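K.L.:
So the sequences go chain by chain: A and B. Numbering that gives the first Met the number 0 applies: residue 0 is where the first sequence begins, and numbers increase by one. Numbering that gives the first Met the number 0 applies: residue 0 is where the second sequence begins, and numbers increase by one.
No lab work stands behind these hints, which were simulated from the structure alone. Treat the hints loosely; a few may be bogus.
Treat identical chains as interchangeable: a pair holds within one or across any two.
Unchecked claim - Below, simulated SDA-like cross-link-like pairs (lysine to any residue); rule was C-alpha separation at most 20 Å, straight line:
hint, residue 1, residue 2
1, 192, 287
2, 227, 125
3, 227, 78
4, 135, 234
Small disclaimer: the values here were computed from a predicted structure and weren't measured.
2 protein chains.
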Amino acid sequence: MTKLPTFSDIEKAHERIRPFIHHTPVLSSQSINQIVGAELFFKCENLQKVGAFKFRGACNSVFSLSEEEARNGVCTHSSGNHAAALALSARMRGIPAYIVMPDNAPEIKKIAVAGYGAQITYCTPTLQARESTLKKVALETGATEIHPYNYFNVICGQGTAAKELIEETGHLDIVMAPVGGGGLLSGTALSAKALLPDVKVIAAEPAGADDAFRSFYSKTLLPSVAPKTIADGLLTSLGSLTFQIVLNEVDQIVIVSEESIVKAMRMIWERMKIIIEPSSAVPLAAILEGKADVKGKKVGIILSGGNVDLGHLPF
Amino acid sequence: MTKLPTFSDIEKAHERIRPFIHHTPVLSSQSINQIVGAELFFKCENLQKVGAFKFRGACNSVFSLSEEEARNGVCTHSSGNHAAALALSARMRGIPAYIVMPDNAPEIKKIAVAGYGAQITYCTPTLQARESTLKKVALETGATEIHPYNYFNVICGQGTAAKELIEETGHLDIVMAPVGGGGLLSGTALSAKALLPDVKVIAAEPAGADDAFRSFYSKTLLPSVAPKTIADGLLTSLGSLTFQIVLNEVDQIVIVSEESIVKAMRMIWERMKIIIEPSSAVPLAAILEGKADVKGKKVGIILSGGNVDLGHLPF
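Working from the sequences, and respecting the hints, build out all of it.
P.N.:
Put into structure tokens, the structure is as follows:
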């Protein structure tokens with residue numbers, strides 16, 4: 000059986016990555032608290048390096064490698080935040096990063112990843128082409144593949160965000176995170192349950208990409224088929240490792256509409272003056288829809304990232 | 000001669016308002032640092048209550064009143080952040096706030112001020128009508144007028160932002176703030192010079208509203224005539240009190256173009272994932288234009304506020 004991470008692994012991860020990450024602020028909004036009738040504490044991973052929590056997991060993975068492993072570098076396939084996070088982490092350790100990207104990835108993301116000094120290999124935009132190209136790159140270079148979420152050290156790194164949050168706020172009744180591949184949710188749940196034995200962990204997922212919701216309640220891993228949501232960070236499906244942790248540690252998964260996501264996103268922009276991507280807004284959307292019952296409670300929420308195209312806002 | 004505030008007054012103000020204000024975070028961006036070749040530390044008053052540093056000065060003014068003065072409330076004329084800040088401060092002390100607003104003020108600002116429980120009196124949108132209406136309101140109610148910037152306790156409150164910034168960063172070579180009426184700049188300069196004897200204080204101003212620039216270098220108070228800039232928080236001119244402090248404490252005032260303001264604003268949105276209003280971007284604009292020489296230096300910058308209409312962005 001695969002070894003699952005524990006909170007002690009998250010503590011070690013935190014020591015390892017502390018010199019490299021931003022200790023992001025925890026922000027509150029009295030006006031949002033009034034609207035929802037609860038006390039919300041937002042952990043601002045949109046203000047993390049590369050604009051997303053992904054930097055924590057990538058950084059932990061890169062700095063967990065032995066000298067010998069590290070020499071050959073790291074590789075992954077990604078068109079999103081994980082690619083940038085891995086590229087920056089590798090540059091910080093001074094080792095190569097090989098990123099496989101679909102050739103139709105947005106120009107701005109190609110430039111960002113190249114800007115962090117990664118070597119990009121383009122492929123046709125299918126999962127099959129991405130995986131086979133990555134296999135080829137890994138074989139040629141000897142680089143260690145760092146999966147974006149179904150990977151022990153990535154999960155441990157992601158868990159450090161909730162750890163920092165709870166160390167700052169103290170007691171919380173509820174901790175919430177969005178769920179895509181489940182890396183953030185797994186790490187968050189492990190930290191929350193270890194630090195706050197009575198806490199309830201609630202995940203929020205777009206209805207248009209509800210694999211975690213269906214998998215959780217059927218206790219069977221059911222990947223998404225043609226998921227569709229504005230929360231583009233949550234299109235991925237749970238992996239074998241994250242599914243196990245979610246089953247063990249999470250109390251509830253709720254799904255939300257696209258309209259609520261945009262409404263929650265705009266509320267955070269307008270009232271908190273911070274830029275979040277749609278994925279970050281999914282837990283607040285669940286609260287606004289009444290799906291997550293938070294009345295009178297102290298609630299910690301992980302804001303996952305802030306990478307949006309300012310030229311294409313949904314409002 | 001009018002009594003000018005000192006750093007000791009700012010310290011007292013800080014003790015007074017500490018329970019009511021947000022201790023806002025100081026954020027940095029490695030990518031912006033790389034672009035400008037300096038280490039910038041941004042004090043995020045866009046994340047302050049009511050979305051602007053103005054809350055500090057209003058709060059200090061309201062809580063400095065004697066019980067007897069407070070009973071009759073406070074009043075001001077304003078269509079902007081000061082109105083909201085004064086209304087919220089008064090509500091926190093449980094006293095009335097009377098706000099004179101031009102009847103053409105944006106609907107969203109009227110709603111915000113009314114939402115904080117203030118009593119609004121509308122007038123025609125001329126300075127003369129605003130001042131005569133305010134005089135009438137003050138006479139009828141006995142409320143204390145709190146000027147938005149040319150007011151001892153307002154200046155002391157605004158100075159607490161730079162105090163917090165420097166307490167967090169330690170040594171800085173340069174401290175920068177935008178200048179409109181000069182309340183923020185005066186308080187910032189007083190704190191900076193008291194805490195960092197060798198610091199250089201540089202103010203940045205839009206070329207389209209350059210009264211502080213002209214007043215400073217001619218040593219004569221020269222108010223703006225028909226100022227025009229996207230930085231709508233900086234349309235006001237220095238007052239008698241703020242002009243004195245600026246002359247005493249500020250080392251340099253530079254002016255910037257509208258294009259640079261928009262460019263700097265977008266840079267902060269994209270790279271720091273925070274929402275700032277155009278006025279906040281003026282110091283970074285001065286750095287990008289090369290007007291403020293910061294190469295290799297540690298620079299503190301006050302981001303003044305984050306109140307923008309998301310439906311009308313300049314990019």
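K.L.:
Are the CA atoms of residue 135 and residue 234 at most 20 Å apart within a copy, between copies, both, or neither?
P.N.:
Classified as neither; 25 Å inside a copy, 60 Å across copies.
K.L.:
Give the relationship of residue 192 and residue 287 under a CA distance limit of 20 Å: within one copy only, between copies only, both, or neither.
P.N.:
neither (25 Å within a copy, 47 Å between copies)
K.L.:
Which holds for residue 227 with residue 78 at a C-alpha limit of 20 Å: within a copy, between copies, both or neither?
P.N.:
within (17 Å within a copy, 43 Å between copies)
K.L.:
How would you classify residue 227 and residue 125 at a CA-CA limit of 20 Å: within, between, both, or neither?
P.N.:
within (16 Å within a copy, 52 Å between copies)
Checked against the numbered hints given earlier, the structure breaks hints 1, 4 and satisfies all the rest.
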